[in-house]
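Visitor: Letter 172 of the sequence shown, counting from 1, is numbered 657 in the numbering used here, and no numbers are missing.
In short, the hints are calculated from the structure, not lab data.
A quick note: this is a predicted structure, and the numbers were derived from the prediction, not measured.
We put the CB at the ideal spot given by N, CA and C, even for glycine.
Careful: at least some of the hints might be erroneous.
As the list claims (entries may be wrong) - As a list, the in silico SDA-like pairs of lysine to any residue whose alpha-carbon atoms are at most 20 Å apart:
hint: 1; residue 1: K565; residue 2: Q610
hint: 2; residue 1: K565; residue 2: I602
hint: 3; residue 1: K565; residue 2: R608
hint: 4; residue 1: K565; residue 2: Q607
hint: 5; residue 1: K565; residue 2: P614
hint: 6; residue 1: K565; residue 2: S524
hint: 7; residue 1: K565; residue 2: M578
hint: 8; residue 1: K565; residue 2: G580
hint: 9; residue 1: K565; residue 2: R634
hint: 10; residue 1: K565; residue 2: A613
hint: 11; residue 1: K565; residue 2: D575
hint: 12; residue 1: K565; residue 2: N593
hint: 13; residue 1: K565; residue 2: D551
hint: 14; residue 1: K565; residue 2: Q576
hint: 15; residue 1: K565; residue 2: L656
hint: 16; residue 1: K565; residue 2: A553
hint: 17; residue 1: K565; residue 2: D527
hint: 18; residue 1: K565; residue 2: G600
hint: 19; residue 1: K565; residue 2: A554
hint: 20; residue 1: K565; residue 2: Q611
hint: 21; residue 1: K565; residue 2: S577
Stated by the list, open to error - Ranges between beta-carbon positions, derived for each pair:
hint: 22; residue 1: A532; residue 2: S669; range: 37 to 45 Å
hint: 23; residue 1: A637; residue 2: G572; range: 19 to 27 Å
hint: 24; residue 1: D643; residue 2: V715; range: 30 to 38 Å
hint: 25; residue 1: P724; residue 2: Q534; range: 27 to 35 Å
hint: 26; residue 1: Q674; residue 2: C570; range: 16 to 24 Å
hint: 27; residue 1: E720; residue 2: S669; range: 15 to 23 Å
hint: 28; residue 1: A741; residue 2: N665; range: 39 to 47 Å
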Amino acid sequence: MNSRPGRWTLLVLLALAWAGRVGAAASAEPAPPPDPRRSGLDFMSPALQALQRDDRQNPAMLWVQDGAAQWRTPAGAAAKSCADCHGAADQSMAGVAARYPAWDATGNQALNLAGRINRCRQRHQQAAPLAADHADALALAAYIGLQSRGLAMAPPADARLAPLRDQGRALWQQRLGQLNLACSHCHDQQAGQRLGGAAIPQAHATGYPSYRLEWQGLGSLQRRLRGCVVGVRAEPFAPDATEWLALEAWLALRAAGMPGETPALRP
Numbered sequence: 486m487n488s489r490p491g492r493w494t495l496l497v498l499l500a501l502a503w504a505g506r507v508g509a510a511a512s513a514e515p516a517p518p519p520d521p522r523r524s525g526l527d528f529m530s531p532a533l534q535a536l537q538r539d540d541r542q543n544p545a546m547l548w549v550q551d552g553a554a555q556w557r558t559p560a561g562a563a564a565k566s567c568a569d570c571h572g573a574a575d576q577s578m579a580g581v582a583a584r585y586p587a588w589d590a591t592g593n594q595a596l597n598l599a600g601r602i603n604r605c606r607q608r609h610q611q612a613a614p615l616a617a618d619h620a621d622a623l624a625l626a627a628y629i630g631l632q633s634r635g636l637a638m639a640p641p642a643d644a645r646l647a648p649l650r651d652q653g654r655a656l657w658q659q660r661l662g663q664l665n666l667a668c669s670h671c672h673d674q675q676a677g678q679r680l681g682g683a684a685i686p687q688a689h690a691t692g693y694p695s696y697r698l699e700w701q702g703l704g705s706l707q708r709r710l711r712g713c714v715v716g717v718r719a720e721p722f723a724p725d726a727t728e729w730l731a732l733e734a735w736l737a738l739r740a741a742g743m744p745g746e747t748p749a750l751r752p
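Go ahead and model the full structure; you've got the sequences and the hints to work with.
Guide: Given below as structure tokens:
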């Protein structure tokens, strides 16, 4: 009569022991290494970080409001708005900005987000293209970019972009200007150090268009890259040069998987 409870007790103990062995084996699996990449946000003071995170105080949101108005406003000879084709931006544009630069099959070329906006203006609105740092272009790009905030940067796995990314990688490592410096010298080798009192970030382009206190306004990634080229005392590429797009494509690949921050705020 007493042997049966003892048998059940033994079975329960064996089951618990087995579960413990399985749990121990699972916990023994090495954890994935932490991502060494850090957003430029991490290199800023707590006060500036709070300014970016609060949409009521982030000055870039003024441009976002203008972009939201443009989204709904008819433009060009076709008198069509973005909303006429795409509907509500928070639905149709979620994740879109995180996938640029991308390949435009119709034009047989790579486009960044600003280029895509201009292509839509020309094809569908019959409106003139806008310069990269035109206030309207920045506002619309910021509004579209906001719809991808918090989503992972997802550059397309498109072989047609490979030559452009290779060009951007080479430019990232190419010495330029009288200072004979490459992008990698500062943003890879010296990231986290200080230059002229400011921290050197890793330069992940996760938040453009961005508001920079230095500019007192919103600006494109090309504007920031141009500032770096001038900073090493080199002659900037022409505004429509493929070098800018190549660098943008390479930076997008470097930031793959990092959360988007548009519109970011930087010193």
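Visitor: For every hint, state whether the structure bears it out.
Guide: Results of checking the hints against the structure:
1. For the proposed pair K565 and Q610, the alpha carbon gap of about 6 Å is at most 20 Å, so the pair holds.
2. Our distance criterion of 20 Å between C-alpha atoms is met by K565 and I602, whose separation comes to about 14 Å.
3. A distance of roughly 11 Å separates the Cα atoms of K565 and R608; the hinted pair therefore holds under the 20 Å criterion.
4. For the hint linking K565 to Q607, the alpha-carbon distance of about 11 Å falls within 20 Å, and the restraint holds.
5. Distance hint between K565 and P614 is fulfilled; the C-alpha atoms sit about 15 Å from each other, no more than 20 Å.
6. This hinted pair does not check out: K565 and S524 have alpha carbons roughly 37 Å apart, beyond 20 Å.
7. As the CA atoms of K565 and M578 are separated by approximately 18 Å, the hinted pair is consistent with the 20 Å bound.
8. The hinted pair formed by K565 and G580 fails the criterion: a straight-line CA distance of about 23 Å is larger than 20 Å.
9. The suggested pairing of K565 with R634 is violated, with an alpha-carbon distance near 26 Å, which exceeds 20 Å.
10. Among the hinted pairs, K565 with A613 is consistent with the structure: their alpha-carbon atoms are about 13 Å apart, no more than 20 Å.
11. Annotation: proposed proximity of K565 to D575 holds, straight-line Cα distance about 19 Å (limit 20 Å).
12. Simply put, K565 and N593 have alpha-carbon atoms about 25 Å apart, too far for the 20 Å limit, and the pair is violated.
13. Proposed proximity of K565 and D551 is supported: the alpha carbons are some 17 Å apart, at most 20 Å.
14. Restraint check: the Cα-Cα separation between K565 and Q576 comes to about 19 Å, which is no more than 20 Å; the hinted pair holds.
15. Restraint check: the Cα-Cα separation between K565 and L656 comes to about 39 Å, which exceeds 20 Å; the hinted pair is violated.
16. At most 20 Å may separate the alpha-carbon atoms for a hinted pair to count; K565 and A553 meet this at roughly 15 Å.
17. Distance hint between K565 and D527 is unfulfilled; the C-alpha atoms sit about 41 Å from each other, more than 20 Å.
18. With a C-alpha separation of about 18 Å, the suggested pairing of K565 with G600 holds against the 20 Å cut-off.
19. Of the pairs offered as hints, the one joining K565 and A554 holds, with about 13 Å between alpha carbons and a cut-off of 20 Å not exceeded.
20. In summary, the hint linking K565 to Q611 is supported, as the alpha carbons are separated by about 9 Å, within the 20 Å threshold.
21. Under the criterion of a C-alpha separation no larger than 20 Å, the hint pairing K565 with S577 is consistent with the structure, at around 17 Å.
22. Checked against the given bound of 37 to 45 Å, the beta carbons of A532 and S669, roughly 30 Å apart, lie outside it.
23. The hinted window of 19 to 27 Å between A637 and G572 holds, with their beta carbons roughly 24 Å apart.
24. Look at D643 against V715: about 32 Å separates their beta carbons, and that is inside 30 to 38 Å.
25. At roughly 32 Å, the beta carbons of P724 and Q534 sit within the given window of 27 to 35 Å.
26. Restraint check, Q674 to C570: a C-beta distance of roughly 45 Å breaks the suggested window 16 to 24 Å.
27. E720 and S669 have their C-beta atoms about 20 Å apart, which keeps the hinted 15 to 23 Å range intact.
28. Separation of A741 from N665 is about 30 Å and departs from the stated range, judged on CB atoms against 39 to 47 Å.
Consistency note: the structure conflicts with the earlier hints numbered 6, 8, 9, 12, 15, 17, 22, 26, 28.
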